[in-house]
Structures are given as C-alpha cells and as structure tokens.
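> Take a look at the letters that make up each chain.
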Amino acid sequence: MSTSADAAITESSDDIVGAEVSRYLARYVDDVTLLERERLISSGLLDSLAAVALIAFLQKRFAIEVLDEDLDLANFDSVAQVVAFVARKRAG
Amino acid sequence: MSATTAPAVARLLTAAGDLTAPGAVGPDLVARLAATGALGAMVPAEHGGAALTHARYGQLHRVVAARSASLQSLMTVHGMVCHALTRSSRPELQALLPELARGELIAAFALSEQEAGSDIRTITTTARDTGDGWVLNGRKKWITFGAHADVFLVFAQADGKDVAILLRRDDPGVHVHPGPPMSGLRDAMPAELELRDCMVPAGRLLARPGTALTMIAGPALTLGRLSVAYGAWGVAEAACDAALARAVDRHQFGAPLHRLQLVRGLLSDAVVATEGAGLLCERAAEALDRDDEWATGEVLTAKLAASRAATTAATVAAQLHGAEGLVAGSAVDRLVGDARVMEVIEGSTQLLQHLVAEQALARFRHRRATDRDDEKEDDR
Ligand SMILES: Cc1cc2nc3c(=O)[nH]c(=O)nc-3n(C[C@H](O)[C@H](O)[C@H](O)COP(=O)(O)OP(=O)(O)OC[C@H]3O[C@@H](n4cnc5c(N)ncnc54)[C@H](O)[C@@H]3O)c2cc1C
Chain R
1 MSTSADAAIT ESSDDIVGAE VSRYLARYVD DVTLLERERL ISSGLLDSLA
51 AVALIAFLQK RFAIEVLDED LDLANFDSVA QVVAFVARKR AG
Chain U
1 MSATTAPAVA RLLTAAGDLT APGAVGPDLV ARLAATGALG AMVPAEHGGA
51 ALTHARYGQL HRVVAARSAS LQSLMTVHGM VCHALTRSSR PELQALLPEL
101 ARGELIAAFA LSEQEAGSDI RTITTTARDT GDGWVLNGRK KWITFGAHAD
151 VFLVFAQADG KDVAILLRRD DPGVHVHPGP PMSGLRDAMP AELELRDCMV
201 PAGRLLARPG TALTMIAGPA LTLGRLSVAY GAWGVAEAAC DAALARAVDR
251 HQFGAPLHRL QLVRGLLSDA VVATEGAGLL CERAAEALDR DDEWATGEVL
301 TAKLAASRAA TTAATVAAQL HGAEGLVAGS AVDRLVGDAR VMEVIEGSTQ
351 LLQHLVAEQA LARFRHRRAT DRDDEKEDDR
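Order-wise, the sequence lines are chains R and U. Just so we're aligned, residue 1 is where the first sequence starts under my numbering, counting upward by one. Just so we're aligned, residue 1 is where the second sequence starts under my numbering, counting upward by one.
Derived from the structure by calculation, the hints contain no laboratory data. The model shown is predicted, which means the values in this text are computed figures rather than measured ones. Hints may contain errors.
[What the hints assert, rightly or not] If you anchor each label on the Cβ, the simulated ranges turn out as follows:
1) R:Arg39 with U:His354: 49 to 55 Å
2) U:Gly276 with R:Asp47: 24 to 30 Å
3) U:Thr20 with R:Asp72: 30 to 36 Å
[As the list claims (entries may be wrong)] Capping the alpha-carbon separation at 35 Å, the derived lysine-lysine pairs in DSBU-like fashion look like this:
4) U:Lys161 with R:Lys60
5) U:Lys376 with R:Lys60
6) U:Lys161 with U:Lys141
7) R:Lys60 with R:Lys89
8) R:Lys89 with U:Lys161
Even glycine gets a Cβ: it sits at the ideal position worked out from N, Cα and C.
Put together the whole structure using the sequences plus the hints.
Here it is, written out as structure tokens:
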C-alpha cells in the first residue's frame, strides 16, 4: 500500500487505519511510543492546532465527515478511539 | 454594488480622502466599504457573500490596511465571526450571514480578558446552561470595533467546558464600555464588554460545549492571522512608500537623503522585509485555497514575517522623518503604532515563534519519516 498517495482510503482494516493515524501523528512527537501510552489531547500531547489538523486529516484520508456532535474527546483521545470512531463513521 | 475586488476597494478609499482625520473611520465609511461586499468577502454565495478565495480576500486586507489599519481590523474581526458562523452548521446563526455579509450587522470577536491574553484557556467568563438558554457573566477586553458592533462572538466557560455564544448588543445584561485610547489602531473603536446575568436563547451556542476554543476560535484565528499578515504587508508597503518619498524629497548636506549610504541600508532593509512578507502572504493564502495540509503553518509563518516587516519598515520610515516622525498622530507615527499592534494581536511575535517552530519540527519529522519509507521501498 502506498502511504504517500493522497487518495482517500475508503476501505481498510482497523489495523491499517491505526497505522495511518499513528504515522500521521508521528510528526508531533519525538518518541512515537508516546502515541500508544499517553492520552492524545487531554495529556497535552497534541496542541489545539494539531487537534484541528488531525480532524482535517481524518476527513480527507478516510473520506468521512466529522460533525459537531462527533467532537467528543472520547472519540479522539487515543489512537484506538480514533480507529473505532473512523470505523463507526464508515459503518454509517 | 461595485465589485468586491482590491482595486475597487482601493478606489473607494482614495475617494474617501484622509482616513486619519478625526471621525473619518466611522459608520459612514464602514457602510461604503460594506457596499463593495468587502464585509462578506469570504461568506459563501448561498449566504449572500462574495465567496472570494483566500488570495483575493487577502488583497482586500492589504489595500485597506495601507490606508487605514483600523478599518482593516474591522474586516479582520468581522470576517472571523462570519467564518465561525459559516462553519457552525447552526441554521439559526447562519440566518444572520446575509445581513453580516451586507454589513447591516457588524460583528466583533470577544475572547480576551484582563487575565486571559495569550493563554486563552484561562478565560473566566461563565455561561450557565438553564436548559432552554444561557446566562453569561464576566468581562471581555480589547474588543476591536466593539463600540460599534451589533453582535459579539463571546467565549466562555460552562461548567469547565469552553463554549462560544453569539450575543447581540441589545440582549439583556450586555453593557458595552469604550476602551482606552490606543497608540496603534487608533480608530478601531475598542471596547470592553461587561456581561451581567446576560440571558440568551439556546440557539445562540455555536458548537458542542468543550470544543469552542479548539474548533471555533482555532480556525477563526487562522483566518484572522492571514488577515493580519496581509494587513501588515499593506502597512509595510505604506511605510516603504513614506520612507522612499522622504528619501527623495528631503535634502540635507546638499543632496536628497537617499544619496547617503546608511540611508540606503535602511531603505533596502525595509523593502526586502516587505517584499519577502508579501510572498509569504501569497504562499499562505494559496495553501489555504488548495486545502494544503501544511497551510496553517504557512499562515503562522506569514503572520510572523509580515508583522515584523511592518515594524521594520515603519521604524525606517519614522527614522528617516526625523523630528517629523515623532509628531504624535502623524502618518508615520501611526504606522509605527499599527505595526506594534500587528505584533501583538492574533498571537504575539513570541507566541508565533513558538508555533512556527512547532510546525517546522512537524514538517521535519514528517519529511524524515517519508524519506525512510522511501529507502525501505527502494531496498525491496
Ligand atoms: C489594538 C488591539 C486590538 C485587539 N482586539 C481584540 C479583539 O477584537 N478581540 C479579542 O479577543 N482580543 C483583542 N485584543 C487582545 C489581543 O488578542 C491580546 O492583546 C493578545 O492575545 C496578547 O495578550 P496580552 O495583551 O494579554 O499579552 P500577554 O499574553 O500578557 O503577553 C505579553 C507578552 O508576553 C510574551 N508571551 C506571551 N505568551 C508567550 C508564549 N507562549 N511564548 C513566548 N512569549 C510569550 C510576548 O512577548 C507577549 O507580547 C486586541 C489587542 C490590541 C492591542
């Protein structure tokens, strides 16, 4: 799978989504294992510009629409939560 | 209605004469500016706006700021509120957009407080959920065009969750007090907003509680920073023109000032900073227009560079004007004050430096990771 392609990924396993999200977020941390160990937003790992960017990334990369009612910390505070959120959105 | 283009707006302002005269930037000029569509420049067409690109929107800020940074600051805050309402997906709030786009309603942005400046998470204005509405209490400061505005986008805390609520000037409990006279943006009618048991209906809430600072203020500030960047570019250009005119017209030691090498050094510093800032502004606007993933970083870079260019150019212009440059309220004295403001609003220079470095680090990490992936690919 080409990870540098800009085309949206519309069908893929949770593992692939998780890898894509981690790869994306790696730009914000020196130690990528932090992404698994720390809360992403409530710990301050991602600042608010990064949080906005993450949502824009999810919308584009996975061709989903993130609505106001989706903007719950519980959807974005860990990679696993993000993966579950993307899966739920795709299930529609 | 004339076209919403930079040349049309520039013509309007030329016809308006001296914009630094007392009262020149007032309701009448605002109405004429609104007639060009400039106040709804980025509002989508379905809400009655001109739906300009960021690149064209920026040019409006540039030409307006070159004549009056105060008037440009109205476009900045009004544009930020329009942007927030457009994104809010609340029909009741979006219904205000046509009036805002026509400038029949003027909007202000009320985030800062006495104790909450750069650190916006520390705001203490409260909003209490009554079930069918909100009750607000607190005090907002430094609100650009607050003395003139009809609606205010107010940020508050509701039980530890940040909220953004639109207030109308005539809502019960809203008290607008004029702010102190400022040495920059002198004509921007700053105000303080005092909220005493201000009651508004539930539909005034823009977004889910807990998301206002990140999802409403964040993107609004990105647009605001682009606006300030272009405005600073306009101020820097006006300052370069003032410096060049003085260097040509003023004679000392039997020749125009520009014959002096040290003066040439000052002129070139001003011009290079200004032209560089302009290119960064255009690059940032184009990045936003194509929804580039690094656009936010480009905007931060442009804001930082342009506000500093404005300071460089205004300082040079003032220096070359000698004593005349120190006459309070003179054209170059105003430019110096306006440039200082641009290094403070929408994130101070030092806060911007922090954010620009953050973005540069992210880009570096991303590039390095991508290079490594490419190497692995090649090894296969
Ligand atoms: C003319 C004018 C118009 C304005 N209009 C509005 C408006 O319409 N709406 C609104 O809500 N607010 C408005 N403001 C307020 C403006 O947003 C704040 O002034 C700005 O956020 C900075 O806050 P502060 O003035 O409290 O400075 P502080 O936060 O006290 O900062 C002072 C200085 O400390 C340093 N500093 C602060 N944070 C950092 C950091 N993280 N890293 C390094 N250094 C740092 C910087 O040197 C900074 O200049 C306006 C201000 C002015 C001057």
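> Each hint needs a verdict: does it hold in this structure or not?
Evaluation of the provided hints:
One distance hint, 49 to 55 Å for the beta-carbon pair arginine 39 of chain R and histidine 354 of chain U, is violated here, with the actual separation near 22 Å. In this structure, glycine 276 of chain U and aspartate 47 of chain R meet the distance hint of 24 to 30 Å, their C-beta atoms being roughly 27 Å apart. Separated by about 50 Å at the C-beta atoms, threonine 20 of chain U and aspartate 72 of chain R break the suggested range of 30 to 36 Å. A C-alpha spacing of about 28 Å is found between lysine 161 of chain U and lysine 60 of chain R, which places the hinted pair at or below 35 Å, so the restraint holds.
A threshold of 35 Å between alpha carbons decides the hint, and for lysine 376 of chain U with lysine 60 of chain R the separation of about 26 Å falls inside it, so the pair holds. Straight-line distance between C-alpha atoms of lysine 161 of chain U and lysine 141 of chain U comes to about 21 Å, which keeps the hinted pair within the 35 Å bound. A threshold of 35 Å between alpha carbons decides the hint, and for lysine 60 of chain R with lysine 89 of chain R the separation of about 13 Å falls inside it, so the pair holds. Of the supplied pair hints, the one linking lysine 89 of chain R and lysine 161 of chain U holds, its CA atoms being roughly 25 Å apart against a limit of 35 Å.
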